[in-house]
Amino acid sequence: MSLLTIKNLSVAFGNPANPFRAVENMDLTVNQGEIVGIVGESGSGKSVTMMALMGLIDAPGRVTADELSFDGKNLLKLSARERRKIVGKDIAMIFQDPMTSLNPSYTVGYQIMEVLKVHQGLRGAKLKQRALELMEMVEIPAAKSRLDAYPHQLSGGMSQRVVIAMAIACNPKLLIADEPTTALDVTIQAQIMDLLVNLQKSQNMALIMITHDLAVVAEMADRVAVMYAGQVAELGRVPELFRQPAHPYTEALLASIPEHSKGAERLSTLPGIVPGQYDRPSGCLLSPRCPYVQERCRAERPQLTPSANGSVRCHFPLIAQPVEIRDRKVAQ
Amino acid sequence: MLLFLFRRLSVLIPTFLGVTLLTFGLIRMIPGDPIEVMVGERTLDPAMHAAAMHRLGLDKPLPAQYFDYLTNLLHGNFGESLITRDSVWHEFTTLFPATLELATAAMIFAVVVGLLAGVIAAIKRGSIFDHGVMGISLTGFSMPIFWWGLILIMFFSVKLGWTPVSGRLDLAYDITPRTGFMLIDSWLAERADPSANAGAFVDALKHLILPAIVLGTIPLAVIARMTRSSMLEVLREDYVRTARAKGLSPARVIFIHTLRNALIPVLTVVGLQVGTLMGGAVLTETIFSWPGIGKWLIDAIARRDYPVVQNGILIVATLIIVVNFIVDILYGIANPRIRHAK
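Heads up: the sequence lines are chains A and B, in that order.
The first sequence runs 1 to 332 under full-length UniProt numbering.
The second sequence runs 1 to 342 under full-length UniProt numbering.
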């Protein structure tokens, strides 16, 4: 049984008669101890999906799903109070900008200990001991003196380590990292990524990594979901999916990596932008930008169907039929 | 920090000079002098008038008078009232507790109700409660104090008879002032002699309620609006999202993670309201015959009691400056980023 199952998740905003669906028909499963990457352009619904999972979408946003279960519990059926017992404890999240993710009015120690107090009821010396332990786990030097530091006294990298310490405080089964390195210096990025992967291994957590960086996904993830305009365009195993993309969008994403344009005068791009609220096409959402577009694509919206390396949402996948895969089982 | 304090204090010198110059000049621009006001409509012998003015030192040229005034100030001498012959400082200290009691009650009312209303309005943004609070606070902010006071007196005191019309305590009670705060004095007196002073405390409280509400209305409106907008701003911050992602209860997210940060700008406003409070006290005390600083200054202006006006206002101005100074220091406590700035 998978740890996390999302089936047909939709997140809609705006007036109910004519809602804007930031996420639509989203399917994703995550197994225990697995690293799943989610990639896609800005506005493709990566973060919103995860916010919905965490229960952080406020009215007027509406979350609907056929199934949203975690560790055998149906998250949609839980009361807000019961859900808060899971959020921050079994599912934890790391955000993009560490400099604004920490409350400026409280010390680092307080903010780490708060999680432990609320979810595990730790008090006194034990609490402090555990907080120190966590800070050492995320490799914060001179942890003891940093306990009383305020966030503005820390660098971005240090702050992100504190955020990670907070997230792993209760040994979560699933850690969601929402572009955890986007706001950091390049030199720090690699350190934070290494830290996350090491923690994922040592704690045996599942890790969902939202990122723009395809190289990171290729290197770390077991599987990857490529999102476009609120839907999963393609889902499959790494590195097969990168070698043989079935969806034109995945292919375009890979082609846009600068290394793939070596020698060319200009970098390869996919012209156009992700459709917004008012310019969603009636057929395939990619149809206005797709280089392989055909008549059927403009008329009919494709469903997610099994493909060579996983599943793909395209009428005319680039590799038509599932090819035989040696020894590895195809993920759904 | 020491340098910062020193710099802040040195800025105060021109401020004080400005206050003295303004009060000295303005009171003398009003037609009539203390002697004429004292004599009233009776005809006054010009020779006697000149002699009286000479005795008070008011016949000297203005620059010389101003110089005398400053010299006295520098010697810590606030002078004495031309009318009562009592020292200004003594009159001030006698009357100030009444104003302080009123202002404190008004501020407590404004802060407690204003913070609560602002926080709830922010959480329930767009609801009927939110629109109601914002509408009422706009009305409260725009309401002339004297009119608002009279309306409340007419309704609660005259029509319903719930509260007394004016003063600090019913004349039936004879209570020796010990602290100058009527609530404390009446409570002490009632405890010392329960039979003679039965109900004194409740009576003092009843006298205080309406003036406090009237005086607190404008600060209340300002605080409620400021709290709401500041809360809304902080609620959008990333760290509030982090707090929610930690699985904290909504109460914890709002009171621990949001309100603390939202309070920083509110604190500024509260500090600035102390000035409004002193200005409002003048009107409120006049309406409710509250024997405090405001009424004292109004009476002094009417009598052209130059030393009282000049020094009374100077003392009040000093108070406001000191309060704002304290607010600056409180900032550091509410906001660690300031505390740690080098």
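Any given hint might turn out to be false.
[Unchecked claim] The following label-pair restraints were derived from C-beta to C-beta distances:
{"no.": "1", "chain 1": "B", "residue 1": "159", "chain 2": "A", "residue 2": "77", "range": "53 to 59 Å"}
{"no.": "2", "chain 1": "A", "residue 1": "77", "chain 2": "B", "residue 2": "124", "range": "52 to 58 Å"}
{"no.": "3", "chain 1": "A", "residue 1": "66", "chain 2": "B", "residue 2": "124", "range": "43 to 49 Å"}
{"no.": "4", "chain 1": "A", "residue 1": "219", "chain 2": "B", "residue 2": "233", "range": "37 to 43 Å"}
{"no.": "5", "chain 1": "B", "residue 1": "329", "chain 2": "A", "residue 2": "260", "range": "56 to 62 Å"}
{"no.": "6", "chain 1": "A", "residue 1": "8", "chain 2": "B", "residue 2": "324", "range": "55 to 61 Å"}
[Unchecked claim] DSBU-like mimics (lysine-lysine), calculated; alpha carbons at most 35 Å apart, straight line:
{"no.": "7", "chain 1": "A", "residue 1": "7", "chain 2": "A", "residue 2": "85"}
{"no.": "8", "chain 1": "A", "residue 1": "7", "chain 2": "B", "residue 2": "159"}
{"no.": "9", "chain 1": "B", "residue 1": "124", "chain 2": "A", "residue 2": "89"}
{"no.": "10", "chain 1": "A", "residue 1": "117", "chain 2": "A", "residue 2": "7"}
{"no.": "11", "chain 1": "B", "residue 1": "206", "chain 2": "A", "residue 2": "117"}
{"no.": "12", "chain 1": "A", "residue 1": "73", "chain 2": "A", "residue 2": "85"}
{"no.": "13", "chain 1": "A", "residue 1": "85", "chain 2": "A", "residue 2": "117"}
{"no.": "14", "chain 1": "B", "residue 1": "124", "chain 2": "A", "residue 2": "73"}
{"no.": "15", "chain 1": "A", "residue 1": "85", "chain 2": "A", "residue 2": "201"}
{"no.": "16", "chain 1": "B", "residue 1": "206", "chain 2": "B", "residue 2": "159"}
{"no.": "17", "chain 1": "A", "residue 1": "117", "chain 2": "A", "residue 2": "89"}
{"no.": "18", "chain 1": "B", "residue 1": "124", "chain 2": "A", "residue 2": "77"}
{"no.": "19", "chain 1": "A", "residue 1": "144", "chain 2": "A", "residue 2": "77"}
{"no.": "20", "chain 1": "A", "residue 1": "77", "chain 2": "A", "residue 2": "262"}
{"no.": "21", "chain 1": "A", "residue 1": "85", "chain 2": "A", "residue 2": "128"}
{"no.": "22", "chain 1": "A", "residue 1": "128", "chain 2": "A", "residue 2": "89"}
{"no.": "23", "chain 1": "A", "residue 1": "85", "chain 2": "B", "residue 2": "159"}
{"no.": "24", "chain 1": "A", "residue 1": "126", "chain 2": "A", "residue 2": "7"}
Think of the hints as simulated: they come from the structure by calculation, not from any bench.
Glycine included, each C-beta is placed from N, C-alpha and C at the ideal position.
Problem - Those earlier numbered hints the structure runs against, lowest number first - result: Numbers 2, 3, 8, 11, 19, 20, 23, 24, in rising order.
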